[in-house]
Amino acid sequence: MKRLGPLFLERRLAPPRSVVFGVSFLAVLVALLLAALVFWAYGVSPVRAYSEIGRGTLGTVGGLSDIVRRAIPLILCGVGLTLAFRAQFWNIGAEGQLLAGAVAATGVALFVRVPDGFRLPLMFLAGFGAGAVWAVVPALLRVKLRVNEVISTLMMNYIMAYIVEWLVHGPWKGPTMRGFAYTDMFPVSARLPLIAGTRIHWPTLAVGVLAAVVVALLLSRTRLGYEIRVVGQNPDAARYAGISFASVLALAMVLSGGLAALAGVGEVAGVHWRLRSPGHVSMGYGYTAIIVAWLARGSPIAAVFTALLFGLIFAAGDLMKTTLGLPFQITGVFNGLILFSLISSDLLMYWRVRWAPKEKAWTGQAGL
Amino acid sequence: MDWTSWLVGTVSRALAFGVPLLWGTLGEIYAERSGVVNLGVEGMMILGAYAGFAVAQTLGHPGWGLLAAAGVGALAALWHAFLTVTLRANQYVSGLALTLFGLGLAGLLGRGWEGRPLRAPLGAVAVPVLSDVPVLGPMLFRDQTILTYLGLLLAVVLWVVLFRTRWGIAIRSVGESPATADSLGISVARVRYLCVALGGVLAGVGGGYLSVAYRPAWTEGMTAGMGWIVIALTIFSAWDPLQAIWGAFFFGALYHLSFRLQAYVSPELLKMMPYAFAILVLAASGFGRARWRARAPGALGVPYVRGER
Amino acid sequence: MRKLAIFVMALALVGVLGLGAQRIKAGFIYVGPIGDYGWTHAHDVARRIVDGKYDWLETVYIESVPEGEVETYIDQLVRQGCNVIFTTSFGFMDGTLAAAERYPNVIFAHASGFKRAPNMATYMADFYQVYYLNGLMAGALTKTGKIGYVGAFPIPELKRHISAFTIGVREVNPTATVHVRWIYEWYNPAAAKEATEALIAEGCDVFAFTEDSPTVVQVAAERKFPSFAHYSPMYAFAPDYVVSGQLVHWEEIYDDFLLKIHQGVYTTKNLAHVDYWWLLAQGAAELGAEMGMPINPKYVAPLKGYVVNHPQFGRISVYDLVFLRYNQFADPGITFDPFEGPIYDRKGVLRVPAGMWMSYESLITMEWAAAGIVGPWPGEP
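Line order of the protein sequences matches chains A, B and C.
With positions in the first sequence counted from 1, the corresponding number in this note's numbering is that position plus 4.
With positions in the second sequence counted from 1, the corresponding number in this note's numbering is that position plus 4.
With positions in the third sequence counted from 1, the corresponding number in this note's numbering is that position plus 5.
Isolated chain A, as found in the complex (with noise of 0.2 Å):
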């Protein structure tokens, strides 16, 4: 406890979610209002700016489904995450999942036999399962062989890449693309259906809200979700409590990589309609995701929330470029400066700000 004058400082450990809401809003003002500094800069007025981005984002269909198709994703990875994040496994892999889900499911789109109405529930089914073994991988890393996950994963990002590169150059190289680095085009069976007037590939979408459902039920009202809360709060109870590290924290990275995989599934499915240069598919998606999961603290619902203001950030950094002719690396600036502001208000929350003029209370209670 801190004294500041007649306001003194007191520490709660954990903030009601309304005060987790209205500093991180706060936040998100301090950050536009350091923005606005920038568009100024640059010569474009902030109130012209925020206004274009709020009619272009917001106010318009285009805009609203921009931000939905953006966070399909992010939901999807960063549902994932909070599950492995719960669990303290730093997950940093989403990208290199989510990349091993588009890859399945390039391959049952191109190369399975399979009645069409059965091809794009098996690309789900095969891209889940990639995801998962993929994520595994390091889970069973750092159980056996103590390997430190947040290098494993991040490394495995890029072998997954090359693999990606590998495929699209090699035997999977698209005959009818001339020689450029492409899969063919899916056949029409393998594409996932879109909402009409918009590109939202809304099975995925569906895919993703149902998922934060399922996950935030497993985490609250099963013996599966009560482990891995406990392996990630204190793994020397979990030990004694019977819990196996290993199987807990290999199950959550199952569904957590399982999950960033579906999301591969969707772009190449919903999107793309092939498999291409890595990059192009995962957008670092993967990474943002990491970001989504952080600022839902841990919440699978929070976390759609969260894809969302990732999306509506997203969609706002294309209409910087676009509508109002800034350089594109404003919005790198423009997200940074907007985490900052997150991150540091994160203090703010577990502070209680209380009026207490009366010197002698203070020593009273002191004196206790």
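Hints are supplied without guarantee of correctness; some may be wrong.
[Stated by the list, open to error] Ranges between beta-carbon positions, derived for each pair: (1) A:Tyr244 x B:Gly67: 28 to 38 Å; (2) C:Lys352 x A:Gln92: 55 to 65 Å; (3) C:Pro337 x A:Leu38: 52 to 62 Å; (4) B:Ala193 x A:Phe25: 26 to 36 Å; (5) A:Ala250 x B:Arg310: 31 to 41 Å; (6) B:Arg115 x A:Pro175: 50 to 60 Å.
[Unchecked claim] With a cut-off of at most 30 Å between alpha-carbon atoms, the simulated DSBU-like pairs for lysine-lysine come out as follows: (7) C:Lys151 x C:Lys265; (8) A:Lys177 x C:Lys120; (9) C:Lys303 x C:Lys151; (10) A:Lys177 x C:Lys352.
[What the hints assert, rightly or not] Where chain C lies over chain A, by a calculated footprint (3+ residues, C-beta under 8 Å): (11) 173 to 186; (12) 339 to 345.
Source of the hints: derived by calculation from the structure; they are not laboratory data.
Virtual Cβ for every residue (Gly too), placed ideally from N, Cα, C.
Following the hints, complete the assembly by docking chains B and C onto the known chain A.
Coordinates of chains B and C only, in the frame set by chain A:
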């Protein structure tokens, strides 16, 4: 093709490509030894690369450029330190934000500086006498800039400081158990600020090397993911400055060989090799003796609050 | 009287509409940053040239657009009122085509692709002739008989360039070889540098490349080896070592295309067969490392001193041969092609029969490697 060409080529390129990795890794080792992960290395490096180029170009001397790179790296790192030490923000997220912000800002400021060669690049030094020794000369003493040798020296000095001096004990104890260090009268915050700032200085110089010496020109995104390799190398070298030398140059050699061997092996396979190797080495060390085991500092990634365990 | 007034008003209205249609707002969608000093940079330089030339033209651009996002950005440009949209990456092809169907009143043009629509044309400024000219010079300048080539991706465009280059090399130096390394990125200075170093270690002493930075020129110059620039003016990066290179003039294509829209020649109905494939003769490509300087003066003497016994022209210096061929390319009738048969690939298969030229179709889908190329060649038939 004779074996000396392979040996000379691989070793000298390993050194040249490994230099920015070595500087960056040494810095990150210190930051992490004090308990602070900084995933913003990529951001600090690109800011260093931009500042190094812009200042060297304006003032006409590479030394000023490198100095500016170091300064800019330090500033960026201090920002990270402020957020994570003083405000106790999440270190992973703060680092990611720093990378995002650094890449954006450097690109923004760098607009208009492209397409011009640096008028005062940092050249290679031919070490007298030694550079004329057959094989060894071209391998080690002809194509390197001063930063290669300074980096090696720095690694040794930083190792000595970390493991043989009181300062080193202070740094390691802050990273292992800040509460204990605090009770011994060590200022946890001050040690962490200094270590993170040192990390920024070294990452900045590593970035400056890229634009002032390695390829003396500025282009958007020229660090191309090196900062992430640095993060990996830090763990790969088990937070040991001497092992960082080995790690950085090993990565350098693999990277160079991926082009040299392209005629024989699939390039994608070669390019993923350094990354796969990093995992394999860590996994293999898991089997080995305890000394080999890469063990992270105890309080890595955890903000310190006095009075809390 | 009233009828006349209505008629005049109608006429005026048509006039206003007509004028309105002639004003062009052109949007450019780039795959890279305009600061890449390669492909995107060159397109943006061209955009600024045409923008400054016509007062009926307004341009906007968006840089660093991921391939899968092109439709989103097209939507935004259309919303902003663009009536002509250029997309400048092969990966934008299907997205552009889909947008062309969605916006039948907007004119689209896609660089380097092969799909067209009534309101979507394609265009490409190609270099294989210039690469061939560079090859002639490289063949004359190598002392070790090994020439290094750093390529970005093993795609038909680069394969065509490297083969044309090698055919040039072999024309003046029949035993020389061209050693190839791929960096699998359009833009990665570190990779380009290490690839060059690997080629130097292999004994190469003259360098050419296709990727988006001046790295190869800089690295070669450090070792005092001559090199050939690519795409943007790179003479300043190594005034003593850049021999020549390829320069692009996308503005020639943009100028022609936009002017024809302005004049009403091109409309949203008649572009299905409009495909610009512009070469040296149309001014879309230029020989040199600096505008207006086809060969670095420092290399004129060595090239004049290298005399070959040419099967067609007898004894001739490479310098003269370069300009002779240059004039054949620049001739509006184009009287020579680098891929003039008989051409065998490096496996000994006859690819172009004697006296024949390659069709446009086979040029843009070319996968084989000309004799003299050494190194990996993914997708080689």
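How the hints compare with the structure:
For Tyr244 of chain A and Gly67 of chain B, the Cβ-Cβ distance of about 60 Å falls outside the hinted range of 28 to 38 Å, so the restraint is violated. Our hint of 55 to 65 Å for Lys352 of chain C and Gln92 of chain A holds, since their Cβ atoms are close to 57 Å apart. Judged by the Cβ atoms, the range 52 to 62 Å given for Pro337 of chain C and Leu38 of chain A holds: they are separated by roughly 58 Å. Range check, Ala193 of chain B to Phe25 of chain A: about 30 Å between beta-carbon atoms, so the 26 to 36 Å window is met.
Checked against the hint of 31 to 41 Å, the pair Ala250 of chain A and Arg310 of chain B passes, with Cβ atoms roughly 36 Å apart. One distance hint, 50 to 60 Å for the beta-carbon pair Arg115 of chain B and Pro175 of chain A, is violated here, with the actual separation near 41 Å. Our distance criterion of 30 Å between C-alpha atoms is broken by Lys151 of chain C and Lys265 of chain C, whose separation comes to about 47 Å. Using a Cα cut-off of 30 Å, the hinted pair Lys177 of chain A and Lys120 of chain C holds, with the two alpha carbons roughly 19 Å apart.
Of the supplied pair hints, the one linking Lys303 of chain C and Lys151 of chain C holds, its CA atoms being roughly 22 Å apart against a limit of 30 Å. Distance hint between Lys177 of chain A and Lys352 of chain C is fulfilled; the C-alpha atoms sit about 22 Å from each other, no more than 30 Å. Counting residues of the stretch 173 to 186 of chain A whose beta-carbon sits less than 8 Å from any beta-carbon of chain C gives 8, enough to reach three: the coverage restraint holds. Three residues within the 8 Å Cβ limit are the bar, and the stretch 339 to 345 of chain A against chain C gives 0, so the coverage statement is violated.
Comparing the model with each numbered hint stated earlier shows that hints 1, 6, 7, 12 do not hold.
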